[in-house]
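Just need the whole structure built from these sequences, with the hints factored in.
Here is how the chains run, residue by residue.
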Amino acid sequence: MTSLNAPAASGGLVFDDEFLRKLEQLELLARKIFRGLLRGEHTTSRRGRGLEFSDFRHYRPGDDFRHIDWNIYSRLDQLFLKLHASEDDVTLHLVLDASASMGFGEPSKFDHARRLAAALAYIALHHLDRVGVNTFSEGLGAALPPIKTRHHMARLLTFLGELPCAGVTRFDSALRAFATRTRNPGLVILISDLLGAGDIQDGIEALRHGGHDVVVIQLLAELEIDPPLDGALRIVDAETGDELEVTVDEDLRRLYQHRLEHHLQDVERFCRQRGVEYLRASTAIAFEDVVLKYLRQGVHLR
Amino acid sequence: MIELAYPLALLSLLAIPLLIALHLLRPTRRRIVLSTTTLWQAALKDREPRVGLRTLLRNLSLLLLLASALALGFALAGPQWLTRASEGADTVLVLDVSASMKTRSGIGRTRFDLALAEAAGILDGLPRDGRMLVMTSGHKALLRTGFEADRELLRRALARLRPGDEVGRPREALALALSLLRGREQGRIYFVTDGAFGSDVDPGSPQVAFRVVGAPARNMAITRFDFRQELASEDRFQILMAVRNYTDAPVVVPASVSLDDRVLFKRSLALAARAEETLVLPFTGRARGRAIGRIEVDDDLAADNQAFAAVNADEPLRVLVFTRGNFYLESVFEAMPNLDLVMRDWSPAEDIARLALSYDVVVFDGIAAPRLPPGNFLLVNSVAPGLPFSDSGQLIRPRTLVRGQSALIGDADLTAVRIDQARRVIIDKPVPGLQRLIWSKETDLALALLDDGRKLVYLGFDLARSNFPLQAAFPLFFSRSLEWLRPRGDGFVSTHIAAGSTQTIPLPASETRVVMHTPSGKSGTLEAEGNPLLFDATADAGIYEYAVGEVVRNFAVSLTDTRESDVNNRWTPTERREETRPAGNAAQALVPLWPQLLMLVLVLLALEWLVWTRSRGNA
Numbered sequence: 025m026t027s028l029n030a031p032a033a034s035g036g037l038v039f040d041d042e043f044l045r046k047l048e049q050l051e052l053l054a055r056k057i058f059r060g061l062l063r064g065e066h067t068t069s070r071r072g073r074g075l076e077f078s079d080f081r082h083y084r085p086g087d088d089f090r091h092i093d094w095n096i097y098s099r100l101d102q103l104f105l106k107l108h109a110s111e112d113d114v115t116l117h118l119v120l121d122a123s124a125s126m127g128f129g130e131p132s133k134f135d136h137a138r139r140l141a142a143a144l145a146y147i148a149l150h151h152l153d154r155v156g157v158n159t160f161s162e163g164l165g166a167a168l169p170p171i172k173t174r175h176h177m178a179r180l181l182t183f184l185g186e187l188p189c190a191g192v193t194r195f196d197s198a199l200r201a202f203a204t205r206t207r208n209p210g211l212v213i214l215i216s217d218l219l220g221a222g223d224i225q226d227g228i229e230a231l232r233h234g235g236h237d238v239v240v241i242q243l244l245a246e247l248e249i250d251p252p253l254d255g256a257l258r259i260v261d262a263e264t265g266d267e268l269e270v271t272v273d274e275d276l277r278r279l280y281q282h283r284l285e286h287h288l289q290d291v292e293r294f295c296r297q298r299g300v301e302y303l304r305a306s307t308a309i310a311f312e313d314v315v316l317k318y319l320r321q322g323v324h325l326r
Numbered sequence: 011m012i013e014l015a016y017p018l019a020l021l022s023l024l025a026i027p028l029l030i031a032l033h034l035l036r037p038t039r040r041r042i043v044l045s046t047t048t049l050w051q052a053a054l055k056d057r058e059p060r061v062g063l064r065t066l067l068r069n070l071s072l073l074l075l076l077a078s079a080l081a082l083g084f085a086l087a088g089p090q091w092l093t094r095a096s097e098g099a100d101t102v103l104v105l106d107v108s109a110s111m112k113t114r115s116g117i118g119r120t121r122f123d124l125a126l127a128e129a130a131g132i133l134d135g136l137p138r139d140g141r142m143l144v145m146t147s148g149h150k151a152l153l154r155t156g157f158e159a160d161r162e163l164l165r166r167a168l169a170r171l172r173p174g175d176e177v178g179r180p181r182e183a184l185a186l187a188l189s190l191l192r193g194r195e196q197g198r199i200y201f202v203t204d205g206a207f208g209s210d211v212d213p214g215s216p217q218v219a220f221r222v223v224g225a226p227a228r229n230m231a232i233t234r235f236d237f238r239q240e241l242a243s244e245d246r247f248q249i250l251m252a253v254r255n256y257t258d259a260p261v262v263v264p265a266s267v268s269l270d271d272r273v274l275f276k277r278s279l280a281l282a283a284r285a286e287e288t289l290v291l292p293f294t295g296r297a298r299g300r301a302i303g304r305i306e307v308d309d310d311l312a313a314d315n316q317a318f319a320a321v322n323a324d325e326p327l328r329v330l331v332f333t334r335g336n337f338y339l340e341s342v343f344e345a346m347p348n349l350d351l352v353m354r355d356w357s358p359a360e361d362i363a364r365l366a367l368s369y370d371v372v373v374f375d376g377i378a379a380p381r382l383p384p385g386n387f388l389l390v391n392s393v394a395p396g397l398p399f400s401d402s403g404q405l406i407r408p409r410t411l412v413r414g415q416s417a418l419i420g421d422a423d424l425t426a427v428r429i430d431q432a433r434r435v436i437i438d439k440p441v442p443g444l445q446r447l448i449w450s451k452e453t454d455l456a457l458a459l460l461d462d463g464r465k466l467v468y469l470g471f472d473l474a475r476s477n478f479p480l481q482a483a484f485p486l487f488f489s490r491s492l493e494w495l496r497p498r499g500d501g502f503v504s505t506h507i508a509a510g511s512t513q514t515i516p517l518p519a520s521e522t523r524v525v526m527h528t529p530s531g532k533s534g535t536l537e538a539e540g541n542p543l544l545f546d547a548t549a550d551a552g553i554y555e556y557a558v559g560e561v562v563r564n565f566a567v568s569l570t571d572t573r574e575s576d577v578n579n580r581w582t583p584t585e586r587r588e589e590t591r592p593a594g595n596a597a598q599a600l601v602p603l604w605p606q607l608l609m610l611v612l613v614l615l616a617l618e619w620l621v622w623t624r625s626r627g628n629a
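These protein sequences, in sequence, are chains W and G. Residue numbering for the first sequence follows our numbering, beginning at 25 and increasing consecutively. Residue numbering for the second sequence follows our numbering, beginning at 11 and increasing consecutively.
Note that these hints are calculated values from the structure, not bench results. Incorrect hints may appear among the rest.
Label pairs and their in silico Cβ distance ranges [what the hints assert, rightly or not]:
| hint | chain 1 | residue 1 | chain 2 | residue 2 | range |
| --- | --- | --- | --- | --- | --- |
| 1 | W | Pro188 | G | Ala52 | 26 to 32 Å |
| 2 | W | Asp275 | G | Arg39 | 15 to 21 Å |
| 3 | G | Pro17 | W | Asp275 | 40 to 46 Å |
| 4 | W | His108 | G | Arg41 | 56 to 62 Å |
| 5 | G | Arg39 | W | Arg84 | 53 to 59 Å |
| 6 | G | Ile26 | W | Asp275 | 29 to 35 Å |
| 7 | G | Leu29 | W | Ala166 | 31 to 37 Å |
| 8 | W | Arg179 | G | Arg39 | 43 to 49 Å |
| 9 | W | Ala166 | G | Arg41 | 27 to 33 Å |
| 10 | G | Arg39 | W | Pro188 | 29 to 35 Å |
| 11 | G | Leu29 | W | Glu292 | 27 to 33 Å |
| 12 | W | Asp275 | G | Gly193 | 48 to 54 Å |
| 13 | W | Arg278 | G | Arg39 | 54 to 60 Å |
Over 10 Å on every C-beta distance to chain G, these chain W residues come out as not near it, computed from the model [what the hints assert, rightly or not]:
| hint | residue |
| --- | --- |
| 14 | Pro170 |
| 15 | Ile171 |
| 16 | Ala190 |
| 17 | Ile309 |
Ideal placement from N, C-alpha and C gives every residue a C-beta, glycine not left out.
Written out as structure tokens, the structure is:
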């Protein structure tokens with residue numbers, strides 16, 4: 025097992041000893057996760073290129089005829105594809121929203137995102153070849169080039185621990201820049217609150233057009249889901265600094281939640297339509313629970 | 011109809027601009043940083059369709075606040091709703107019985123007849139178990155019944171009423187009526203009157219309703235009538251008589267004055283419209299009897315067409331003096347007017363009682379007095395047995411005279427009085443009627459005693475052995491002593507009072523009964539509870555004759571009042587007071603509205619709070 029107790033790995037308050045202990049426990053959990061994932065619940069165009077048999081699944085229009093198992097067809101009169109584990113190098117691109125709005129919440133969404141990214145990176149490194157980390161706000165921010173083995177995990181943690189969060193979010197331009205700049209398509213896990221300026225859908229489309237499999241994890245603080253606000257307020261936008269005078273009452277809270285729900289549903293619907301995995305999580309949920317319960321249910325990693 | 015008990019409270023509505031200013035104050039907003047304001051802006055936009063409603067709510071909040079302030083201000087003003095009297099509400103019926111109510115109003119009817127009809131209507135309109143009190147307003151306000159629910163009893167009380175020749179004083183009557191209804195907000199006062207009085211009568215209470223009866227009338231009146239004696243002449247008099255025309259047309263008024271049945275004067279007076287003529291007529295001769303002034307006119311009010319005066323040449327004061335000769339005493343008595351003086355040096359003791367009844371005052375000067383019977387006595391340097399003080403010898407030059415507070419001494423200056431010799435007296439037993447007048451360090455020098463049927467003034471030294479007769483206090487002391495021993499009033503020849511007022515009848519110490527004969531022919535015996543006797547049953551004008559013992563005297567009662575005779579100058583109730591409701595309807599009561607208004611204020615404030623909480627979401 026790779027030791028994560030190197031001092032540089034903590035990188036600050038984000039990754040304390042307790043977090044690192046939890047991360048080490050994920051090694052065992054990761055094995056379980058990937059056993060389940062390898063049953064082929066999530067197929068990609070690249071699945072089946074390798075030599076090692078992986079699984080069968082029903083034929084769907086558009087699948088390559090060459091992978092149909094004709095023996096089964098002759099016996100059952102049904103078309104099944106014979107799946108093989110990929111032998112390609114798959115890169116996990118962890119794309120973190122580092123805008124100022126991510127600093128909101130207690131704990132902050134950004135802390136939560138970093139822990140989640142670290143956990144995913146750890147799990148991915150257990151199975152995948154390469155993990156890279158990119159941040160964005162108005163444009164692309166700090167980036168960690170893809171690392172290949174768990175030996176570089178400490179470096180990744182240090183990088184994550186030292187990331188700042190500031191600036192205004194511009195999803196479309198930032199993600200388009202990422203898609204353009206990234207040469208090797210892979211699995212992109214976008215971790216963001218998806219709150220900010222710019223067209224989110226354009227950004228996600230740009231990732232897909234870049235040949236990436238995209239997973240969107242939307243992180244929201246409890247204060248955003250059910251704001252405990254009341255009375256006459258002057259609310260300040262953490263990113264733009266814009267101020268808005270508002271007197272919050274039950275009615276306005278209900279309208280706000282309705283708007284939030286509408287926004288979340290729009291994003292989710294868009295993702296589903298585009299074959300993009302979408303997961304919504306609150307900072308109130310421990311990141312290990314997100315990894316173990318939510319990611320396992322929804323996210324198809326390879 | 012709504013009436014305000016405290017209209018000045020409406021000034022509290024001036025606070026409304028302050029409320030508006032407070033309403034426009036914006037709350038201090040709390041600053042808070044959020045990840046984004048986009049969703050809040052969107053939420054606010056979602057409320058855009060409700061902007062109209064929101065504005066309405068905001069204005070509604072202000073409107074409700076203003077409405078509650080208005081209601082509160084109005085509640086403070088004590089609004090009262092004039093409505094049917096609730097069961098059990100008390101009513102006070104005040105009936106004007108002043109002389110002007112005798113004014114003819116239509117054929118065979120007077121204003122008082124109309125007032126009685128109005129009163130009967132009010133009585134009929136009382137609630138089923140409502141109570142009513144009947145009182146009259148003349149020179150005095152008199153209660154004729156208590157609060158009674160018995161209609162027959164009230165009708166009988168009304169039937170017994172009749173107007174007098176009095177000058178009305180309705181203000182006092184209404185004050186009494188209001189005091190009777192104190193604490194009974196439902197109570198109602200009906201004042202049935204002809205309105206012949208000043209506007210200051212209205213007490214301004216919403217409980218009082220005026221019912222004015224009677225039509226305009228034509229009247230001429232004697233407004234002044236008097237006899238007076240000319241100065242320094244005992245047989246020359248002047249007759250004063252004033253006649254006023256209250257109509258708007260000139261009239262010729264035959265006027266006359268008679269004394270007993272002898273006509274002293276007769277003349278026709280030409281009076282311009284609303285003009286008055288005053289006559290001063292000289293008269294020489296014996297002035298004693300019943301004087302009557304008359305005007306021979308056929309107007310609507312006859313009560314003021316004659317005036318009365320009892321002309322009594324004052325009876326002389328009969329004084330009997332037992333003395334061996336006292337120049338100072340004789341001089342001071344002879345200087346007093348209208349005094350019959352009899353001097354004696356001795357009488358048998360058994361005659362004293364008879365003499366005391368025959369003379370107004372009996373004086374013992376330096377002569378031992380016997381035991382004194384009821385009567386009026388002046389003891390000068392003499393002490394009688396049976397008194398609460400007794401003689402204990404002589405005293406040489408008493409020192410430092412001290413004067414008491416008695417009216418017999420008044421503020422007489424005694425500082426220069428020197429007494430060579432005085433009687434030393436000892437007060438054996440203090441009695442309530444014994445009053446110290448003058449005393450020195452050693453003894454009492456002058457005393458006054460009032461006991462059962464007996465009045466006595468004691469002066470304890472020989473006048474000839476003092477310089478008291480040379481002092482100004484000397485005649486003052488004896489004049490006041492005689493006046494106290496036998497009061498004679500003002501001693502003037504003419505006695506008359508206004509109808510309804512009180513006649514003072516001084517009584518001798520031995521008399522407590524007065525036999526009274528009124529102008530209407532009624533007679534009765536009055537028992538005096540004090541001296542003088544106060545007689546106030548003088549509602550009717552005319553000559554009143556009364557007898558005290560064997561002495562018969564008169565006094566006259568007249569109307570002679572310019573305001574009361576002015577029967578057309580009538581006060582009109584304001585619209586607020588005047589009721590158009592015909593007689594016979596149910597009695598009305600004032601229902602206070604402030605509790606309902608206060609409830610309205612609370613409801614409005616609750617609504618305002620509700621609206622305010624709903625509109626808090628407005629930016």
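Whether W:Ile309 stays farther than 10 Å from all C-beta atoms of chain G, as the label says
Consistent with the label, W:Ile309 stays out of reach of chain G, its closest Cβ about 18 Å off (over 10 Å).
Taking the Cβ atom of W:Arg278 and the Cβ atom of G:Arg39, is their distance within the range 54 to 60 Å?
21 Å, violated
W:Arg179 versus G:Arg39 beta-carbon gap, inside 43 to 49 Å or not
47 Å, holds
Taking 40 to 46 Å as the hint, is the beta-carbon distance of G:Pro17 and W:Asp275 inside that range?
45 Å, holds
Is it true that the C-beta distance of G:Leu29 to W:Glu292 lies inside 27 to 33 Å, as the hint says?
This hint is violated: roughly 51 Å between Cβ atoms.
Mind checking the hinted window 27 to 33 Å against the Cβ distance between W:Ala166 and G:Arg41?
Once the Cβ atoms are compared, 31 Å apart, the range 27 to 33 Å for G:Arg41 and W:Ala166 holds.
Please check whether the beta-carbon of W:Ala190 is more than 10 Å away from every beta-carbon in chain G.
Label holds. Min Cβ-Cβ 13 Å, cutoff 10 Å.
W:Asp275 paired with G:Gly193, Cβ distance criterion 48 to 54 Å:
53 Å Cβ-Cβ, so the 48 to 54 Å window holds.
Against the range 53 to 59 Å, how does the distance between the Cβ atoms of G:Arg39 and W:Arg84 compare: consistent or not?
57 Å, holds
Could you see if the CB distance from G:Leu29 to W:Ala166 stays within 31 to 37 Å?
60 Å, violated
Status of the stated non-contact between W:Ile171 and chain G (beta carbon gap over 10 Å):
31 Å, holds
For W:Pro188 and G:Ala52, compare the CB-CB distance with the range 26 to 32 Å and indicate the outcome.
29 Å, holds
Checked against the numbered hints above, the structure violates hints 7, 11, 13; every other hint is satisfied.
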